[in-house]
Structure formats: C-alpha cells, structure tokens
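Chemist: Heads up, the sequence shown is in the UniProt record's numbering, so the first residue is 1 and it goes up one at a time.
Hints were generated in silico from the structure; no laboratory data involved.
Hints may be right or wrong, so weigh each one.
[Unchecked claim] No farther apart than 25 Å at their CA atoms in a straight line, the calculated lysine to aspartate or glutamate pairs in the DMTMM-like style are these:
1) K50 to D7
2) K66 to E92
3) K66 to E140
4) K82 to D16
5) K150 to D45
6) K82 to D105
7) K49 to E86
8) K66 to E8
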Amino acid sequence: MAFTHMDENGNAVMVDVSEKAVTQRTAVARGVVSMSPGCFAMVRDGRAKKGDVLAVAQVAGIMAAKRTAELIPLCHVLALNKTAVEFTLRPERSEIEAVCTVRCDGRTGVEMEALTGVSVALLTIYDMCKAEDRAMCIREIHLVEKQGGKSGHFIYGQGEDHHDGPVGTDH
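All chains, please: the whole structure from these sequences, using the hints.
Modeler: This is the structure we're talking about:
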C-alpha cells in the first residue's frame, strides 16, 4: 500500500482539509487501568499521597486532548468545543474505566484528541499510584464512537474491528 500523503520529495505532509465542509465532529474513546485491590481502595477513598488521583487525571486528560497536535505529528490544530473525561470505578475488578469525549466544529475529526485524552488520563492515574502498585495494567484503549464528516457515524464493534475484541469488557 502506498502512502498517499507525501509531497513530491516523498516527505510526509499534513492532509489538506481546506476543501472539506465544516461539520460538528464528535469522538468518544475509552480505556481501563487495573490495579491491586489496595491501590484501588486508596484511589477510591482519596488516600493517595499525591492527592486526588481522579481529579488530577481528569484535568490531565482534558489538557492532553487540547494539545494533541503538539504530540502527534501531522495532526491538525483544532478549536475544541467540548472536552470531558469521566471515570467509572469497578471495585469488583479493581479497575477504573476512563472515557474521553471531544467535540468541535471543524473540517477534520477529533478521534486523535479523544484517544490522546483517555491515554493521558490513564497514564496520570498510573503515575500517581505507581508507588503503591507498579503492576497496574493500562489496556483496551480504543475509539468507541465517532460522528461527523464524510465518513459518517462509527460505533465500535459494528463491522470494523480488526481483532477479536477487548478481553473482560462489557462491550
């Protein structure tokens, strides 16, 4: 397969989206961090030495989504209308699910922003808890849903999966 976004010298270039219509674009990404029961209780009960783990991770995820173009080469700089990071605690599994939702009115999608936001939120949880549990596992980071643009509506698990699917999820 040939790389289609190259200049005449074979260098990678940012895709030109100037001819695309401005539409509302939304993307939702999710991921999970699993940890020991003791570490989970520490986060849940707000006893981490570094402070409120979920509050800090939420801000980190939002900041990361806003700065995606600085982290991922060739990503467009986007004016985001909404960026939210939410957590679901699953005590029966000692895990925390993070979901990042991003929205903008633009010419290109916000999938990378949602994926970056959820990734950094989970990495922040790891960073703030690693003294308690270095065996935490971050997994299942994926795009859940995407709306807007020429390619239309995408929902995870509806025909475009390229693997057997995540293990241990409710999807």
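Chemist: Would you check the hint for K150 and D45, treating anything up to 25 Å between C-alpha atoms as holding?
Modeler: This hinted pair is violated, its Cα atoms lying about 45 Å apart.
Chemist: Given the hinted pair K50 and D7, is their Cα-Cα distance within 25 Å?
Modeler: violated, 47 Å
Chemist: Quick one, are K66 and E140 close enough, alpha carbons at most 25 Å?
Modeler: Between K66 and E140 the Cα gap is close to 22 Å, so the pair holds against 25 Å.
Chemist: Is the Cα-Cα distance between K66 and E8 25 Å or less?
Modeler: This hinted pair is violated, its Cα atoms lying about 32 Å apart.
Chemist: Taking only the CA atoms, is the gap from K66 to E92 under or equal to 25 Å?
Modeler: violated, 33 Å
Chemist: Is K82 close enough to D105, meaning Cα to Cα at most 25 Å?
Modeler: holds, 10 Å
Chemist: Is K49 close enough to E86, meaning Cα to Cα at most 25 Å?
Modeler: holds, 22 Å
Chemist: Is the Cα-Cα distance between K82 and D16 25 Å or less?
Modeler: This hinted pair holds, its Cα atoms lying about 24 Å apart.
In the structure shown, a violation is registered for the earlier hints numbered 1, 2, 5, 8, in ascending order.
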